[in-house]
Every structure is written in C-alpha cells, then in structure tokens.
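Chemist: Starting from the known structure of chain W, arrange chains D, H and G on it as the hints suggest.
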Amino acid sequence: MSDPTTPTGGRASPATAQASAGTSDEFLLNVGPQHPATHGVLRVVVTMDGEVVKDLQPHLGYVHRGLEKLFENRTYEQIIPFTDRTDYLSAIANNWAYVMAVEKLLGMEVPKKVEYIRVLMAELNRINSHLLWLAAYGLDMGAFTPFLYAFRDREEINTMIEEASGGRLTTNYFRIGGFIHDLPPAFFPRLKKFLGRFGRAVDELDTLLVENAIFVARTRGVGIISRERAISYGMSGPCLRASDAPLDLRREAPYSIYGSLEFEIPAGRNGDTWDRSWVRIEEMRQSLRILRQAMDGFPEGEHRVRAPRNIEPPAGEVYSAVEGPRGEVGFYVVSDGTRKPYRVKMRKPSFSNFSALPEIMRGLKIADLVAVMGSLDLVVPEIDR
Amino acid sequence: MRDTADILAAIRSRFPRVENRPVDPAPSLVVEPEKLREHLLFLRDQLSFHHLVFLTALDRPAESELELVYRLFSYESRLSVMVRFRVPRDAGRVPTVSDLFRTAEWHERETAELFGLEFTGHPDPRRLLLPDDLEGYPLRKDFTHPNMPRLPEVTST
Amino acid sequence: MNGVEPGSLVLRMPGGNVLVGSLETAVNAARSNSLWTLTFGLACCAIEMMAAGASTYDWARFGFEIPSASPRRSDMMIVAGTVVRKMVPVIRTLYEQMPDPKYVVAMGGCAIAGGPYTYDSYTIVRGVSEIVPVDIYIPGCPPRPEALLHGLMTLQERIRGQTVRK
Amino acid sequence: METFLYKLFYDTGALIDGWHAAANAAGAARGWPPLVVDILFQLGWAVAAALFLALNALFIIWFERKVAAKMQLRRGPNRVGPFGLLQTLADTGKLLIKEDIIPTAADRPVFRAAPFVVLAATVLLFVVLPFGKGLIPADLNIGVVYFLAISGISVIGILSGGWASNNKYSLMGGMRSAAQIVSYEVPGVLVVLSVAMLAGSLKMGDIVRAQPSYGYALLQPVGFILFLIASNAEINRGPFDLPEADSELVSGFVTEYSAMRFAFFFLAEYTNLFLAGAFATTLFLGGWRGPLLPPVVWFLLKSYIVVFVLIWIRWTFPRLRVDHLMEFSWKVLLPLALLNLLVTAVLVKVL
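Protein chains in written order, with numbering that gives the first Met the number 0: chain W, 0 to 384; chain D, 0 to 156; chain H, 0 to 165; chain G, 0 to 350.
These aren't lab readings, by the way, just hints derived from the structure by calculation.
Fair warning: this is a prediction, and the values are worked out from it, not measured in the lab.
Beta carbons are placed, not taken as given, at the ideal position from N, Cα and C, and that holds for glycine.
Watch out, some of these pointers could steer you wrong.
[What the hints assert, rightly or not] Distance condition first, Cα-Cα at most 20 angstroms in a straight line; then the derived DMTMM-like pairs of lysine to aspartate or glutamate: (1) D:Lys34 / D:Glu117; (2) W:Lys53 / G:Asp322; (3) G:Lys167 / W:Glu50; (4) D:Lys140 / W:Asp335; (5) W:Lys364 / W:Asp48; (6) W:Lys53 / W:Glu358; (7) D:Lys140 / H:Asp119; (8) W:Lys364 / G:Asp322; (9) D:Lys140 / W:Glu67; (10) W:Lys364 / W:Glu25.
[Claimed, not checked] To be clear about the criterion: a stretch of chain W counts as covered by chain D if any three or more of its residues have a C-beta under 8 angstroms from a C-beta of chain D, and this derived list gives those stretches: (11) 245-256; (12) 346-359.
So here's chain W without its partners, still in its complex pose (with noise of 0.2 angstroms):
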C-alpha cells in the first residue's frame, strides 16, 4: 500500500510497467476503448498474470469535447443544454446544479412549487438512472434478462419526463428562475399508477440480480475500499455510502425542500461491489417515499419568477452542489459581470469514483474487472468532459 506521506506515492509509472512486463510472464491486455463492459469509450490497460490483474492503468479522453472551454464562449442560458449532454442518465441533476448555481449569483429565490418540481423530476430521474445502471450491469454479468425487465420500467419513466421536458434523457428542462411549462395535467395520474406498481418492480429485479445467487458469489467481497480511501479519492454516491459512510449531499448540506423531507440515507458495511449494488436499490425504494411526500405537499403557484432577459449577473463565483445517481455534481460558475461566465468548472462524480479503479483492482481476477466497473456505474462523458 502506497504509504501516504511520502510523495511520490510509489505507484509504478508505466513506463516501469511496460519494462516488468516483459520480463516475468505477466502480458499486457488492452480493454477497450471499445469494449462491451465499458459503457461508452473507456481505454484500461491491465498488467495481468494470467488471469489475475497485477496493475492498470486507465486511459481517458476519448470523449473529451472540452466543454469548459465551450462554456466560455456562451451566455448562461445557452449553456443549460449542454449540461445534461455530459451525464445523460443524471439530466436534471446536471440542470439543477448549473441552474442553482446562476440563482445564487443573481440572488434570485425560486417560489415553493417550482423546488416540488424540481425534486420530483430529480427523484425520478435517479431511479431512471439506477434502473439504467441495473440493466447494463447485468449484461455485463451475463444475466440479459434484468435488462429487459428495468427497461419496461424505465420506459414508464421515459415518458413521464418527456412529457413534461420534451426530452427523454438529454432534458434540458430547468431555467433559471423556474421552468416555462408548467406540468402537464396528465403527469399526477401516471405519478399514481406508477407508485402503485414501482415497489413491487424494485423487489423483482432485487431478486432477480442482486440477490442472486451467483451474482453474491461474484460481487460479495470483491472489489473492497475502505472509508477512508473512498473519501480520500472523492468519491461520492452510492459508491462512497457502500463504505459505511451514509453521507448524502441532500442531509449533508441540504439543498431545496430536501431538508422538510424524511428519508433514510442506506449506508452498505464493508463497501465491496455487493454492497454498492444494495445501497442502488434501497436508494429507489427511498426515492419512491421522496416521491410520494413531494406529490401529497405539491403546492399551488407560479411555476417559475420573471428573469431578466439578458442574464448578467454581478462579478463573483459559486460553487453549487446536488446529490445525482452517481455522486455529488457541482458547478463552480465564476463571473465577471457579462454574459458569459468567466470560467465553469464542472465537479462530476464518475471522475473521482474512476480514479479508484486502479487501488481496487490490485490482485482481483480479469472477471471481477467487469464487476467492479459496473459497479462504479460510470458513464464516460462525464469523465472526460
């Protein structure tokens, strides 16, 4: 274990890497970037011997569109699109940290009903994401059928957002100051029919993979990070809170109608893939309770407050966070009183919940790769910005 205080980490550079290779039997194995078990384009290259993984070395930038530089060249409203084209399962999440963070600088309060919006569509679109997650780990595990069964329920969703945004993942449904559309009459009935029959959804596919037999025997124990470590490497999310450590933006420092909420925060024990996976699905049940007060205290009003027409707001910098499926998403807008944002530094969660993958890996089989990998529930664009 690298021992912490010295500097240089004692991490084998890989130049080092390709020298060792050559000599004991250990050989390089190339996975990805196009590769079925990373989602999207993610190049890891793995020192093994034989099929145990000795080092990795991931390998990013093959969807970096450098979108902070884009930002500097657009005015506020222009970038509200672009923020859920990085995460694309975590729209909303990724719309309402950019869209807080310019209320902040303008010093702008949003009324009552336009925060019950936003955390309905925030809750459904973590279940819509952890459903997502469901299906694609269970490809990766050889399991097709989960896939089917979450995108049945996923589909349900799909339409309830699109109905209200327009757009089925990529959103851009938040403004600043509110939403131009109000919700539309149809979406409390589907809401109903929907947590009436979501509960007994969640317990299907909780038997059909996470409980399963050989998906325990594959996951229990495997890939273990302890709570210091995570925290060290900035993870957030689920894959933090498997590692006994039930830190959730939304109870850390609440943000919106979070704090007049009840729910619990689930919290795994010994943080391996297992329960990174348990704490996905107890998170949609406690979505569902969010869901259900958010529809019963949906106040009446204005669905959003008279902005400007050209957003500038005063010279000055924020940094505004949400708690998204996969971790703490913030926006660090710094302004100098024009149009455009001087510099926005996106802070996304699968960007520090990869970083772990290599401390992870030492010493598991090339299989569990494929566990620990979806475990992290990474979506790449996020990490590469």
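Modeler: This is chains D, H and G only, laid out in the frame that chain W set:
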C-alpha cells in the same frame, strides 16, 4: 466534533489572509504555494476537512498569473473552505498534494494539461484527457485552434 | 439501374432475359433480414440504442438480434455519439476489421456533423463521414428509438435494392 | 393391422430391416457383395442424419430466440416469414456469403481446421441416438461410452481455434473452455455410469428398453439434475458460457472468426444443445417409449422439453466466475456424483 465557531476561529488564527468572495459563503484562504502542503495537511487532520471537492485554475492574463483554487469540505462540521494562491503564468510550479488527497492526482493532471502548469513530485505526470498531438493549453484565454472561429459578439440590447 | 427494378425476378439483358433476379433477391433478402450490429456506443445515443433493443421497441423483430462485440461477426456499425479526434484511429481499425458487405449508420447529431459541439470544440470530428463511408444518417439528439428503427428499415430497403453483379 | 403407415410410425425398425433384407436379396441377385448394400444403407443414414441436423439447427436457433424473447417481455423475430421462422435461414444465408477473414498473424492451417473439428465432433454423435424403436443408425454395444468420448473432441477444436486466432481474448477463451469441459466431464461420466448400472448395459437401445416408460428420472432424481448441469457446462451454455463470455473476453475463442467459419461454431453450439437434450432423454426420460404417440414424436418431444429447460436456465442466471466454476464442479458435483453411484450400486445389489 468541534463546533463551527471554534473551527472558524482556528482558521482565522492560522491563516493571515481570510477573505470572503461575493456570493460564495465559504471563506477563501489566500496562502503561499510553498506552504500549500502544510496548510492542507493541517486542514485535513486538525479540522477534519477530508473531502477535496475539486482543484482547478483560473487564467488571469491581465496580471499574467494563474490563480489556483482548492475547495475542501468537511463531512463532520459540514463546512466548506476555499484555498487559493497565484502562480506566474508561464512555467508555474506547484507542489503536488496527490499523496494527501488521492483524488488530487487526476485533478492535477487535468489542470496541468489544460492550463500549462507543472505539479512537482506528481507520481504520474502524463496527459489525461487531451490527444497527444494538441499543442497549447486549451483553457487559457489566448488559446486558438483552427476549428474554433470566434462567435459573433453578443451585444446586450 | 441497368434495367432491373429491385426485387423483380426477371432481368432483361441485351441477349434476352436472364432469370438472375431470383438469386439477387434471395441474397439481398438474407443480407437485409439479418443485420448484426457492432456494439459501439459513444455517448447519449447509445442509451437510445439500448432502448431500441429493449422490450418496448425490440429491434429483434427485424433480425438485429445479436449485438456482437467483435467486429468480425457484425455487418453494421451504428456510430452513436460524439466522435472525438482521439477516437478516429479506433473507428478506422474497427471499420477495417469488419468483413465485407458492411454498413455504417451515423446516429444522432454528433455522428452526422458534430452536433451541439460542431461550432467551436477543439477536439471534435465534424461528422463520422470524414472517417468512414456512411450509409444512413439518423438525425436527432438523441433520436428516439422509433427514429432509429425507421433508419434501420430504410437501410434494409436499400440493401434489398442492391445488385450482386457489380 | 400391419399396414405400412402403422409400421412406418410405430415399428420403424422392422420396416427398415425389411428393406435391408430386400436390398440384400436384390444385391445378391446382381452378384454385388453384401458389403456394397451395407455401405449404401449407411450412406442413407448419413444423408438422413445430415438433413435432420440442418433442419433441427434452423428450428432450434429460432426456438431459442423466440422462447428467450417471450421470457423477456418481447416478441423476438417475426418479420422474416410466418412467426419469423425463416429468420435463421436468413442468418445462415447471410453468413454463407460474407467475406471470410483469416487474420494474417493467425496460424492458418489450424485456424481453418478448428471449426471442422468442432462440427465433426457434433455430427458423429448422431450415430448412436435412438430416435425410435429400431430407428438407430448403429446401436453400438458401447454406445454410451462412444457418446462421451466423441463429445470430448469438440474441446480440441475450441482450444485450437482459440490458439490459432493469435488474439489474447481468444487464447483465454480457449483455455477456459478446456478447463471447463474437462472438469465437468468427470461428474457427467459418473452419473451416466450409474444409469448404465441400472440398465445393466451400455447399449443405448437397451438402456431405453430397460427403463420404465417414465424413465429413470424418478429413480435417479439427483443423477438427472447433475447430468443437466454437467451437460449444460459441456456445451458452454447458460451460466457456464465463460469461453465466449461476451462482456469479458469480447467473444472468447470466436472473436477472430467471421462468416462461414463462425457459422460452423454457431451451428455446432446449437446442435450440441439438441444432443444434450436427446442424451438426457435417452438416459433419464425413457427415450422414445410412451403411450399413444409414435416413438419418434415422443423422443423429439422429450428432447425439446429438456432443451427448453436449458434455455430457461441460460436466460435467468448470470455467468459464473472461473474459479467458482472449478470449485462448483470438483467440490460439489463430483462428491454428489460419487454418492449417487454408491447408492445405485447398493440398490442394484439389494434389489
């Protein structure tokens, strides 16, 4: 678990220049780059700021300097703090903190390649995101690239 | 094109009609009804591609059943997502590795012409047609699964119209 | 009433022996040595087996895709022909005319030979399958041992295919399948041994005749389950499909194969699926014996029921990891198989 006032007092006593930038509630601590590691170790171990939220730079071409910003968050006291300092724009050297916070390793590699900095003592200073054939530092204000035409200036009517 | 409309059985050659049509229709029918895709999701469009494979839209009905990970066994490469310059050699090698009659479907704005990043991103390739010859363009960001299915059915129509003799 | 139809369905053996005798007589009349007639008959059996193999492969691939689709809330192929029946025809047709790539760095002769070895191993197994009363190409008196021996050959094809494609993923896929088939052959053989002990003979025909019509499954429940697991592993399917694990090894040993060569592996895999079903029916479900229906129909029905169960297993379970695979075979299946053998031996002695 030290309460917030106690922590803020400890910060003020330790750091000479504590400022409050507009809109962001977290206090900004301006430090010298040489004493960065020592300050961060103090914040992490004494004041339990374990979570390095992010680390990035801001290009200040006017003063030909790069401003580096580190944001820390403490799960125990739920406080955030910003540590910032300035470094000369060309051949800026910053001590690495990748051993204090493992997440800093990738954040530093990304900031180095996008801003043109050098993090001394970094275990793996290769490029992280950019293709190898790209010269120049994209996030600098004066970076130009063939397929980056200037957008027509948006006049605020 | 040379005196035969797609799908007809009889071909009028200068020397008299030749019954080559039926072989052609058989070959084209076989090729068009079993297009195996190469899993090649780059970004958001990949999720809509998965949705098209799931039970609500289910492209298995058309015979695209088995998404095979190895280019050797696939006939069609659906480029779904943003194409970045660092990814260009990978796309080209994958295209080379695919056995002949291969087709490329550019799915989504990014694959067609760079999408929302086309104007001033320093790493974007403005459309995958700069790298590999593209047969079908499916606009949308991301296109709905129905749009993807419509694009694939147009590809099937085009294959049925091909001639074997060129 | 010994009409032709009755004989055709219910007593095919007698009918064929009749033809055989007539052919011998005609041959002898023309002065041909009896050997020529035998060869012609064997040729007839070969053509029948090849025809059945082709038809069955087409049907079974479609059957799996439709059954899997039903289990997964979707339709499955239904655009090509009625209910998508011609889908497999389109697939194999397309594979026939695709470009056939042999990687330059591949070991050319071995790369070419591998698919044929796998397919040959599969086709040879048809010789001892008792389709109906007397309808058995060659009822060898070591039928069961022959079946187990030949089914072991396919691993040579897979291993050489994996090695010849000179690709890391294929090599690992090939090695995994070798380890898997070898370690699952052992419990399989022991279970087959206990059945042979019950029937008192190794001839497939005798085993079927010795069984009560509902078969040994009730007498040997543990044996039947063990056999299903072992044969599922031997044909690289279900939770044991490590050799061509899509998500880990790209497509395992088949990664470099395209077009027709891949079609051989594809065909062999699905014919093996039917053979596993057929062998399980012969040993445990009473083969072609059954009340009203003609024996051939009973045999195919029972085989496809077992095939349905194997398909069902494949689409519900995730994939095992390599060491769990080995552990499961040596630490769980083997002791159970030995115990089963012991219990049968004692029972046979006592009764």
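Chemist: Take the hints in turn and mark each one as holding or not.
Modeler: Results for each hint:
Annotation: proposed proximity of D:Lys34 to D:Glu117 holds, straight-line Cα distance about 17 angstroms (limit 20 angstroms). With a C-alpha separation of about 18 angstroms, the suggested pair W:Lys53 and G:Asp322 falls inside the 20 angstroms cut-off, and the hint holds. The straight-line distance between the Cα atoms of G:Lys167 and W:Glu50 is roughly 12 angstroms, inside the 20 angstroms bound, and the hint therefore holds. Between D:Lys140 and W:Asp335, the direct Cα distance comes to roughly 14 angstroms. Compliance with the 20 angstroms bound is thereby established for this hinted pair.
Between W:Lys364 and W:Asp48 the alpha-carbon distance is near 9 angstroms, which keeps this suggested pair within the 20 angstroms criterion. Between W:Lys53 and W:Glu358 the alpha-carbon distance is near 10 angstroms, which keeps this suggested pair within the 20 angstroms criterion. With a CA separation close to 14 angstroms, the supplied pair D:Lys140 and H:Asp119 stays within the 20 angstroms bound. About 10 angstroms separates the Cα atoms of W:Lys364 and G:Asp322, which keeps this hinted pair within 20 angstroms; it holds.
For the hint pairing D:Lys140 with W:Glu67, the CA-to-CA distance comes to about 12 angstroms; that is within 20 angstroms, so the pair holds. Annotation: proposed proximity of W:Lys364 to W:Glu25 holds, straight-line Cα distance about 13 angstroms (limit 20 angstroms). Chain D is given as covering the region 245-256 of chain W, and this holds because 3 residues of the stretch bring a CB closer than 8 angstroms to a CB of that chain, at least three being needed. Counting residues of the region 346-359 of chain W whose CB lies closer than 8 angstroms to any CB of chain D gives 6, so the stated coverage by that chain holds, three being the minimum.
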